[in-house]
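Could you put together the complete structure from these sequences and hints?
These protein sequence lines are chains A and B, in that order. Heads up: the first sequence begins at 1 in my numbering, then just goes up one per residue. Heads up: the second sequence begins at 1001 in my numbering, then just goes up one per residue.
Hints listed in this document are in silico derivations from the structure and should not be mistaken for laboratory results. Don't take each hint at face value.
Claimed, not checked - Which bits of chain B does chain A cover? Going by a derived footprint, with three or more residues having C-beta under 8 Å, they are: (1) 1098-1104; (2) 1196-1202; (3) 1218-1224; (4) 1253-1266.
Said to hold, decoys possible - Distance ranges between label pairs, derived from CB positions: (5) A/Ser-51 x B/His-1033: 33 to 39 Å; (6) A/Val-25 x B/Arg-1148: 30 to 36 Å; (7) A/Glu-245 x B/Asp-1021: 49 to 55 Å.
What the hints assert, rightly or not - Looking from chain B toward chain A, a few residues come up when the C-beta cut is under 10 Å (computed): (8) Ser-1161; (9) Cys-1227; (10) Leu-1273; (11) Ser-1275; (12) Ile-1276; (13) Lys-1282; (14) Ile-1286; (15) Ala-1294.
Nothing here was measured: the structure is a model prediction, and the numbers come from that model. Glycine included, C-beta positions come from ideal geometry on N, C-alpha and C.
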Amino acid sequence: MTEPLLKVEGLKKYFPITGGMLGRVKGHVKAVDDISFYVNEGETLGIVGESGCGKSTTGRMLMRLLDPTEGKVTFDGQELTSLSASDMRKARRDIQMVFQDPYASLNPRHSIEKILMEPLNVHNIGDPKERKRKVHEFLEIVGLSSYHAKRYPHQFSGGQRQRIGIARALMTNPKLIIADEPVSALDVSIQAQVLNLMQDLQRDLKLTYIFIAHDLGVVRHISDRVGVMYLGNMAELADTESLYEKPLHPYTQALLSAVPVPDPDFVREEVVIKGDVPSPANPPSGCRFHTRCPFKMDICSQEIPRFAEVEPGHSVACHLYEECRPQ
Amino acid sequence: MDERKTILDVKGLRTSFFTDDGEVPAVDNVDFHIRQGEVLGIVGESGCGKSVTSLSIMGLVPSPPGKIVSGEILFQDKDLTKLSDKEMRQIRGDDIAMIFQEPMTSLNPLFTIGNQLREALKIHKKDWSKSQIQERAVEMMKLVGLPRAEALLNEYPHQLSGGMRQRVMIAMALLCDPKVLIADEPTTALDVTIQAQILKLIKNLNERLDTAVLLITHDLGVVAETCERVVVMYAGKVVEEGPVHTIFNDPQHPYTRGLLESVPDMRFKKERLYSIPGNVPKPGSIKTGCKYAARCEFAFDRCRVEDPELYQTAEDHKTRCFLFDPKEAKPNDRTVVES
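Spelled out as structure tokens, the structure:
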């Protein structure tokens, strides 16, 4: 078996809570608490979860836009977590990010040409003439025209801006693209265009994606494997088919049953969970889902369940499956 | 045919915004009605005029620059567009109530939940005693499934989670037993598990209290799950209207069909999503012809010059498309010729 392109081991991010007159640290928000996964070359790993589950924090840590509190990220044989700031900047040539809000992630005072040229300048790729040619080339690749280069972000619609965001991520020929909610701000008809574009680019440019989103329909459509996060933990991770057809974790089951389906004749199996997501500053003991879980046992509030394989390629962190695990 | 009485009837509504560039019609000649106890959905993408429609009904269109230019909104034989501000205030919150997308911005952070609930009752139920008002507030908090109702009344909005705030908003809207509840994207800001709870609550209350609900959303899943009838809007116009099963199983307007096909379905994997070419037009940018013609794969010459009307294609199904004009050729023949 070949080595995965990206490997994450025991990744943690604790944000300190300060308070009082002296600004002493009173506690920590455990935004991401000990997660591990890998991404193979050429595949799409989807990460889903509700707000506050730590999926965006995870994405940012992979690029070291946030420094992890603990844990190891290995990309293409290189350990990113131990790199110096300047070495990390070089490594980012191969890892690029697409953000949620195409309005906020493009500088309104820069022309599209300047925005797209920036990554080439930072990484010192090509001479000015070549850079210009590349800008025009990539504008065409994402479905815009080269005459758009002279325009400014406000002259584009949301969908077009997201295309520009994707073009910017592609400028350095990256291997991995981390897309954080890339289509959630877009209308349905435009969302489909951008998803199709991302799939075409993956096929043509042999890209690897980490696709972070809260929309389970979108994630199923684009992902090869999917990880479900809850309160900073990875609850379940499996290939898309088995996760959606045979979800094991009670949270995944509840999440899937809560999604409204665009078919009025559809009869769902209801797994309704009560209440809200607890605060990550004061997470429940043991399994973090036990406060809302319909199958709660005594052990759940005492012991943190292991995140381990139950079937080949299907991992879950839940005490219900403790016996079926290979020891 | 549905026997229930029509409770709200919108006829030829046109709401425009007057800008430096002239009149921009956000809602253009919109007709629809809601029957007593019915859940009607209005779906559409951003800028289609669904929110302006709801604000027009409530008399909340910011004026200037907005104005209801023509049309009628009939509620219990009264035309809401003709009422004075004072008369409208009596209806708003009492007979017709509204909940909004963002529960945090629609609650006042400086007042307790109880204070804000009681305020609505003080305005609309002038003859009620203090204890009657308090009792009603507690009753509504319990009805929407909030725990510790009495204690919560003394808390402030920031102390509640998003889902709880939306429940408070619903409690507040239902205080005076409204006949119509307008819910404008009530679950868009919420997580899916909370969304499921709130939708269930709205449906439950609709059945128990017989309140008609006008649900405005962009999410086709939410519509399929909660609504009985659907109005699809595009660029300020109603493009299709029908019962939810007909709209989802036998959509007629090319826009409705395109929209349904472009949604990724959680239940199975489509190889490739259908995508509607082009962008949603800016309001007022298309002057002649069908507003959807530029993006429509079936468009023919007539679509670009003439504005289609809403053709009745079945007893309860209407479509604004020339393909369904009885004078045109049968839609099936055309599709064959076009492709």
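We went through each hint and held it up to the structure:
1. 1098-1104: violated (count 0)
2. 1196-1202: holds (count 4)
3. 1218-1224: holds (count 7)
4. 1253-1266: It holds, with 8 qualifying residues against the three required.
5. A/Ser-51 x B/His-1033: 33 to 39 Å: Distance hint for A/Ser-51, B/His-1033 holds at roughly 37 Å.
6. A/Val-25 x B/Arg-1148: 30 to 36 Å: holds, 32 Å
7. A/Glu-245 x B/Asp-1021: 49 to 55 Å: Given about 53 Å between the Cβ atoms, the range holds.
8. Ser-1161: holds, 4 Å
9. Cys-1227: holds, 8 Å
10. Leu-1273: holds, 4 Å
11. Ser-1275: holds, 4 Å
12. Ile-1276: Status holds, d = 4 Å.
13. Lys-1282: Since chain A brings a Cβ to about 9 Å from B/Lys-1282, closer than 10 Å, the hint holds.
14. Ile-1286: Violated - the Cβ of B/Ile-1286 stays beyond 10 Å from chain A, reaching only about 15 Å at its closest.
15. Ala-1294: Nearest chain A Cβ about 13 Å off; hint violated.
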